[in-house]
Amino acid sequence: MKTTTRIAGLGWVTPLGASLDEVWERLGRGDVAEAKVVANPETGREHIYAPVPLKTVDALARNPRLRRSSAISYFAVAAGLAALQNAGLTLTPESAARTAIVFAISSGGVVYTRKFYEQIVKQGANVASPLLFPETVYNAPASHLAAQLGIDGASYTLVGDGSVGLGALKFAEQILATDDLDRVVVVGSEECDWILCEAYRDWRMARRVGSTRGALLAEGAAAVVLAREGKVDLQVHDGVPVFREREAEAALSRIYADLLSGHGADAVIGSANGTFVDAIEQRALGRHVKGATVYLPKRSWGEAFGASALLQTVVAALTLEHGLLPGMAPETVKIESVLVSALGFNQQAGGAVLRLS
Amino acid sequence: MISSPAPQPHRVAVTAIGVVSPLGLGCEETTRALREGHDGVAQVTAFDVSKTRCKTAGLVDLAKLKAGAGLKRHRREHLHHPASLMMMAAANEVRRGDGAFDPQLLVIGTTSGGMSFGEAFYRAQVRKKHPRERAAWLANYLPQKPVLDAEEAWPCAAPNQIIANACASGTNAVGHAFRLVRAGHYQRVLCGGYDAISEMVFVGFDSLQASTPEKIRPFDKSRTGLVLGEGAALLALEELESARRRGAPILAEVTGYGISTDNHHLTQPHPSGVGPRQAMERALLDAHRAAGDIDYINAHGTATIFNDATEGTAIAELFGDRVPVSSTKSMMGHSLGAAGAIEAVFSVLAIQRQFLPPNIHFREIDPAWRLNIVANEAREAQVRRVISNSFGFGGTNASIVIEEAAA
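Protein sequence lines, in the order shown, are assigned to chains R and U. By the working numbering, the letter at position 285 of the first sequence is numbered 321, and the numbering carries on one by one without gaps. By the working numbering, the letter at position 294 of the second sequence is numbered 1780, and the numbering carries on one by one without gaps.
Please note: incorrect hints may appear among the correct ones.
[Unchecked claim] Derived lysine-lysine pairs resembling DSSO-like cross-links, with alpha carbons at most 30 angstroms apart: (1) U/1550 / U/1707; (2) U/1537 / R/151; (3) R/370 / R/326; (4) R/158 / U/1537; (5) U/1707 / R/158; (6) U/1614 / U/1541; (7) U/1707 / U/1552; (8) U/1614 / R/151.
[What the hints assert, rightly or not] Label-pair restraints from in silico Cβ distances: (9) R/283 / U/1868: 46 to 54 angstroms; (10) R/80 / U/1850: 53 to 61 angstroms; (11) U/1670 / R/159: 33 to 41 angstroms; (12) U/1537 / R/129: 41 to 49 angstroms; (13) R/167 / U/1866: 45 to 53 angstroms; (14) U/1536 / R/167: 41 to 49 angstroms; (15) U/1670 / R/65: 41 to 49 angstroms; (16) R/76 / U/1808: 26 to 34 angstroms; (17) R/216 / U/1779: 53 to 61 angstroms; (18) U/1756 / R/55: 31 to 39 angstroms; (19) R/216 / U/1866: 19 to 27 angstroms; (20) R/326 / U/1616: 42 to 50 angstroms; (21) R/370 / U/1670: 31 to 39 angstroms; (22) R/372 / U/1870: 53 to 61 angstroms.
Since the hints were made in silico from the structure, they are not lab data. Note that CB positions come from ideal geometry on N, CA and C, so glycine has one too.
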């Protein structure tokens, strides 16, 4: 079902920084996140990922609710607060009661999950820490964000692959339509750990040290405030499950056709990340979204799974705000519609179209 | 407070249900077990429990599931996580119940996906061994995979939404699906939940001393904690008139959903019971029902000190001691993301078969409240309307109202 909601606020925490303007400029310059090397302590095998600089979330260091949390929750809260600030909103108890949270996640709290299971395996179940376990639960970051914002109504955490951010936007659109709400804060967040790098490398998705092929795994968070009023119209596709890789191009094609209805888009924010996704998305876009300029932000900050599609959405909204893609010369044609395309590693495809209200 | 939306024209029917739990495979076996007050909790053998206080869980008979649940043989079936098998079996039962049901969307709850495959991957690192299955472990570890496996086996290719709201996930999934159908966004949504037992989650609850080495005794004065469980359940929801037009079975109606978030603590509810109370109040308001209209409460009832204290208080304040209450977790353990969906199926069965499932191992009510506990034995009763509760880590609380299908 097609419905339109609006984007009222944006926020992010990325390996390139956390200010909307600063990161936008860095994207425009073509900056690429600095990769960090981590080693699997069991085998010594080295991996790389793009970390979020810790100074980015320094302001939250003394937050009592977050004192035992993992990085993923810090990123989430920072991005959520930034998006509300961008929307010009300070939540009061009354407005918080009319605000919901929808959270997108894929790997979740992998640092504490790995540490907790490590304790079980190496030290025994009887000494596994009860302080770690609660933070391993998928909805722990959403819970911290709800506590921070004083939201006592709807809070949902959705899990999926790199496209789940668009699924979260769809879900938010639905609850805005079915519940008595004024806005939904949609947040996606991820953190990295050597076990995650090891896993995606074994799955032949993650980039190896010294290679340019494969996805550079990344940390980060993005937040979008959805409301009935705002600067940008958002239309999100329901998504299409993909059971086999050979079905992925058709799935994306269907999504593009449903969203664009023959109108096309001026620009595309793609999900290409150095893996099989690139060729499939390129073919589908080449057939169905001709003439649009394609921008691939994962080349700059890597693949942050649950945060990825929301990071793409923030880039798309900023593109409309600026009338330009990052790095595009000002004299170029003004961009008035942007397609966000997402193909995940685990059988999900999604899309959204953003237009100036 | 999120108030009820304006009355909507669409009524929401349950046209089919499917369930796999420690109480049985399928609705018939499950109904017998519920009526008999069967104890589905057994010794855990899938991993080492020598160092945990709790050593038991409600376990699904996986061998029986593989052998007799009508699952198609599959050349890669050994790579399916047990959660996938449970989801496929529950989906099969839905299809047997309403073969023409063609979902436009799936909304499914879970808490831990294919966690045991993640554990196998980590252990392989420690042993410095890299078996060939490791890529399959990863692909099947992710929470959406059992849902996609069930879709592929169905077969259907509807979009899916996977909710991970801890132990409230299953009820959230049913509630969200209900709201979408009621609002006319979709005519048919398949909803439910799943979770399979895993060492990490088992030890996690043990580390918090939330699980018990004894029997699980919800609302009992001497309760000492929960035991975990596993399973999957699915409900086919359809706009009532659409279901009637095609002659689909109408098993019950979903009429209300309430959600609240308790920000008191990540794992402990506010002692006042405000979170559960808000969820139940909102569900009743959403259903346009008063507390006095409810005939049975399927409680979250984990038997932990904190959960039962807050839920018991909230139930006593809202319903007094008139409405019968039971926690079916006393029979099957706490199946986390599946629990709300399984208990929604139990609620439909209670309405269809007109009985109240018991709260087994019950000895003496906690004197903190007066509740009408369905103690130890099932009761025959007129059951027209049920409220089913689920509360979870992160302060997430959800309640749904299910009613007999009116003419």
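Against which earlier hints does the structure fall short, listed by number upward? Of the numbered hints given earlier, those the structure breaks are 1, 5, 7, 11, 14, 16, 17 and 19, listed in rising order.
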